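Using the sequences and the hints given, assemble the complete structure.
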Amino acid sequence: MKKTISLIVNGFQRSAEVEARTTLLDMVREQFGLTGAKLGCDIQVCGACTLLLNGKPVSACSVLAVDADGGDILTVEGLSKNGALHPLQEAFMEFGALQCGYCTSGFLLTAKALLDECPRPSEQQITDYLAGNFCRCGCYQEIMQAVKNVAEKS
Amino acid sequence: MELADIGKTFRRLDYETKVTGTAQFLADMNVPGMCHGKILRSPYPHARIKSIDTFKAVKVAGVVAVLTRDDIIHDEGIEPYYGPVFKDQTIVAVEKVRHVGDPVAAVAALTIDAAEEALRLIEIEYEELPAVLDVHESLKPGAKLVHDAIKVPMSGFADLAELKPIDGTNICTHFRLNRGDIDKGFAEADHIFEDTFTLPATQHCFLETHACIASVDPGGRITVWATTQNPFVVRTQLANIFKVPVSKVRVIVPYLGGGYGGKVYPKVEPITVALAQKAGRPVRVVLSREEVFYTITKHAAVIRMKTAVKNDGTLVARECEIHLDTGAYAEIGPRVAKKSGYTAAGPYRIANLKIDSYSVYTNKPPAGAFRGFGVSQSAWAVESQMDIIAAALKMDPLELRKKNGYDEGDKFVTEETLRSIGFKQCLDEVARSIAWNDKSFNDSTVQGSIGSNLRRGKGLACMIKATITPSISCAVVKLNEDASLSIYTGTVEMGQGSETVLAQIAGKELGIPLQTIQVLGVDTDVVPYDLTTSSSRSTFHMGKAVQLAAQDIMRQLKQIVANEYGVPQDKIRFAEGKILLPETALDYAEVMFKRFGMQGGTLVGEGQVKTSTKDEFGEKTTSAFWFVAAGAAEVEVDMDTGKFKLIRYATAVDVGKALNPLGCRQQLSGAAITGMGQAMFEEIAYDNGQLINPNLIDYVLPSLGDMPSVIDPIAIEIAHKDGPFGAKGIGESALIPVAPAIANAIYDAVGVRIKDLPIKAEKIYLRLQQGKS
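In the order they appear, the protein sequences are chains A and B. No gaps in the numbering here: position 118 of the first sequence is 103 in our numbering, and each next residue is one more. No gaps in the numbering here: position 108 of the second sequence is 110 in our numbering, and each next residue is one more.
Don't read these hints as lab results, they were simulated from the structure. All of these numbers come straight from a predicted model, not from anything done at the bench. Hints should not be assumed to be uniformly reliable.
30 Å max Cα-Cα, derived DSS-like pairs, lysine-lysine [to be verified]: (1) B:Lys10 <-> A:Lys138; (2) B:Lys480 <-> B:Lys573; (3) B:Lys647 <-> A:Lys133; (4) A:Lys133 <-> B:Lys10; (5) B:Lys441 <-> B:Lys426; (6) B:Lys61 <-> A:Lys(-12).
These stretches of chain B come out as covered by chain A in the derived footprint (C-beta under 8 Å, 3 or more residues) [stated by the list, open to error]: (7) 495 to 501; (8) 672 to 682.
Even for Gly, the Cβ is constructed at its ideal location relative to N, Cα and C.
Have a look at this one:
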């Protein structure tokens, strides 16, 4: 059974025809061609598929597209504005907060949600907020430095 | 624009696309006409396939092809057996399945849903067979054999030629290393230590699962997009399986979402190509997380180590038996076992050795390469036992290591001379970093600080490892008409930062800005041969090849200038991207214009690195370079619960030369973090051959919350004469000492010796309880 939903994706109005069981991740990747978010574990633990839905991080592998009907989605492709990268994207490059890059979209969006909610987080708050994202290359120290740097500059 | 340099951090060339989500990984790619492939896998650890019925499956709407053993054993164009060392794997199971998850059939369909529906309708009748589920069972006389017969290829890897399966047993290979007089060595001992250490199977858990897109044109030309670390090995294997010359196989590799050894040698490629061939159209297979656990693991090991020691701490003899569980297929297990054997003496001078290292078949998913390649297994035993010895002899573990440890020019166990070995520098640096001699941490302030019974301890460990030898890396660079440079290599960018380092090396040689250099993606149709992106070899080998290729361009430029400007070659110099003549300076674009008479043309430079099993003095060499590292941990253990916390960790690696210092630190701390997972959490759990945790909830990975407050990556720079600018490999080094360093720190804290990985709170708790009773 297909359903037509409409939502805002990276500031643009979009609509899609989806099966009731289509995930938000599949819709964003396959119908909108936004492949920055990755499928990592498929069970909501690795954080590679994180998107912001109405400003809050969600594991898009485990959210139904129909449940995002009417919502406002931000993906990594929407982080930069008018060709200027988001300060988190700049800081991730400066501090070397990624190696293979597969987890990066998820970390950037989760960190953005944190800083939107809490502009000057403590190290403990950063740790707690980002502990649901895995970086298998092991860039945790660099990720911590990058997020702290952006927070300090804000 | 800033000129490229070495020894200086440059923003990585792969970063812009990765932070914007525009970098294309395999699962992000589509090929026109592509359909989706899914694999049916064995539910049993060992069974005979009595029948396969695909009648219902082929009728599912959207199904394009169903692949079974009938397609591979009756097709003269297919050699169904393959494998990097022994041809014991088949594209899909032929007579038997040998582990849970062994591929039995595959479906290509227009949608993933249709493919999955068809899988459910394939009817297979199995006759279950007794299974051997660990090395102990597998080695018992009369144990059920995993393979009745094994095809040993006519020609294979030179370094493994002497290793063969032992008929009538489950022993896949037996590597022996004998040195000196073992009986005499033990007779001279004041003390003998004998311990058994174990490690469980683990999984790489790269966030990007294995995937492949394959296309076979009617003329037999095969194109695959693959998540592989060694595209040229995959090309060779596919050429052998599908009986075509290697020129008819094209392997394209996008960025990898991590590799760590788990993406070397064919994985999902053979089945995807067979499926695409039958479907007559491109097929994409993307493995699920669970399927990755069935595809490749790290070897579980049982290591019995007996060591003879003098009163003064001199190690005089060692007998060691290593059993590595290689699972149902040899894969690269024989080499893993060999490397374990080579390093069973650790980085120590031991005159008398008897080492037996076995790879053993069991009915479990195949084990293969994992960052550390056999040395993480042997070092767990070697470095844990070093501290057992130090404690018994009341010696400082650091001093015991330095007393026995290799110095520059010492002979390794293979009798070859070790050169460029910053081993003791690594040990000293990690000890300094964690304030090794400062034992004031165990005072009452710490114990009483949060009102519970906490103890702190410090431990260290070290290692020596080889790189694959002999091997080949070839590079081509093109100088374009505007003096920009294109670099063609088979080195796979999987996160390690190779693109940037290769560009730095070429840019430094030619004196041009990094921004004018493009490192091309890997495509075996375009780039020259490279053996593999693994074994910590790319910076050393491919870096050198790129350096030689850049020098080849410079030689050609010099020749052109000499011819066109009439200047003797010895009067021509290069500096900062210019060619300096006695009177004037020319830039490369001017010289190109002069050479070609218009704005256009290309200069092609080539570089080849071929390492051999003999060094320049004719002495035997088993590794083009040896790499050494040390790690040191400080832990805090709760005496009431056994729960422990890593407080800080220092890792020192002799990198030769840190070409891109930030990239170097990333590799060192990243590998150390992988080591922390292996030390503290990671373990594939089996129940009667069934994996019970093939997912990222039950198989626990380290996250930000598990990190110590300090990780200190330290690069020691002892230049190697053959590496580019003195650089050596660094990818694996930092991982290997982590587990024993933590175990040694726990012993220092609470006197509990853990010999079985992972180190878990309950193991410490139970031992503490035993101590009380």
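Can you give the numbers of the hints that this structure goes against, from lowest to highest? none
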